[in-house]
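Each step along the sequence shown adds one to the number in UniProt numbering, with nothing skipped, and position 107 is 107.
These aren't lab readings, by the way, just hints derived from the structure by calculation.
It is possible that some hints are incorrect.
What the hints assert, rightly or not - Straight line, CA to CA, 25 Å or less: simulated SDA-like cross-link-like pairs of lysine to any residue:
id, residue 1, residue 2
1, Lys58, Phe34
2, Lys170, Lys58
3, Lys170, Ser22
4, Lys16, Tyr154
5, Lys170, Glu78
6, Lys16, Glu86
7, Lys170, Asp68
8, Lys170, Asp45
9, Lys16, Ala35
10, Lys16, Glu155
11, Lys170, Gln15
12, Lys174, Lys58
13, Lys16, Gly36
14, Lys170, Asn151
15, Lys16, Pro180
What the hints assert, rightly or not - What follows is a set of in silico ranges between Cβ atoms, one per label pair, in the way DEER data are often shown:
id, residue 1, residue 2, range
16, Ile61, Asp100, 16 to 22 Å
17, Ser184, Asp3, 43 to 49 Å
18, Glu114, Glu162, 20 to 26 Å
Glycine included, every Cβ here is placed at the ideal spot set by N, Cα and C.
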Amino acid sequence: MSDDWQSELEQQREQKEQYFASHPRSPIPNHADFAGLDYYPIDPDYRFELDLHEHDDKERITVETTADGSQEYVRYGEFRLEVDGEEVTLQAYQPVGGEDRLWVPFRDETNDEETYGAGRYIDLEPGHDRTDDGTWILDLNEAYNPTCAYNEAYECPLIPMENWLDIPIKAGEKAYPGEPVGHSHH
1 MSDDWQSELE QQREQKEQYF ASHPRSPIPN HADFAGLDYY PIDPDYRFEL
51 DLHEHDDKER ITVETTADGS QEYVRYGEFR LEVDGEEVTL QAYQPVGGED
101 RLWVPFRDET NDEETYGAGR YIDLEPGHDR TDDGTWILDL NEAYNPTCAY
151 NEAYECPLIP MENWLDIPIK AGEKAYPGEP VGHSHH
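Can you build the whole structure from these sequences, using the hints too?
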């Protein structure tokens, strides 16, 4: 396995930064206010190749959102991994509506301090994140902030409690260094 994934990830981060800084559909409409994005250094120890343990009974769950709404997901399967010597289980959800992608959201001990308080997301695409052997690459370096971290006008699904981890995940995107759009000081 080469280190190509590291340069690919760095490239993704740069593209995202450019999108936020200049794109008309950036979550930060006034580009002059954009404070840049902040990340942990890329760490190979947070990249896993795992079997997805599919649930026999893929139940539908309703996930609450930041805007008092809800979205439907299917509990598709779970990943079992070891982070810093701790056994961790993360549920992978699939959006209802037939998309192939998997959504792996999580909260961890870095939230509110180094990372966004409500937690972070990882998206897995079968064409990109699945190996020829049928295993999945779960790379916690790819964890990213919900758009609500930058702009409170967005509606973001809240992370189901079963994916609240009691360990720190020092990988992926850190808290947005700027002030979220629409944030008012009470």
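Hint by hint, here is what the structure shows:
no., hint, verdict
1, Lys58 <-> Phe34, "violated, 40 Å"
2, Lys170 <-> Lys58, "violated, 30 Å"
3, Lys170 <-> Ser22, "violated, 28 Å"
4, Lys16 <-> Tyr154, "holds, 17 Å"
5, Lys170 <-> Glu78, "holds, 21 Å"
6, Lys16 <-> Glu86, "violated, 31 Å"
7, Lys170 <-> Asp68, "violated, 30 Å"
8, Lys170 <-> Asp45, "holds, 10 Å"
9, Lys16 <-> Ala35, "holds, 13 Å"
10, Lys16 <-> Glu155, "holds, 20 Å"
11, Lys170 <-> Gln15, "holds, 22 Å"
12, Lys174 <-> Lys58, "violated, 32 Å"
13, Lys16 <-> Gly36, "holds, 10 Å"
14, Lys170 <-> Asn151, "holds, 24 Å"
15, Lys16 <-> Pro180, "holds, 17 Å"
16, Ile61 <-> Asp100: 16 to 22 Å, "holds, 18 Å"
17, Ser184 <-> Asp3: 43 to 49 Å, "holds, 44 Å"
18, Glu114 <-> Glu162: 20 to 26 Å, "holds, 23 Å"
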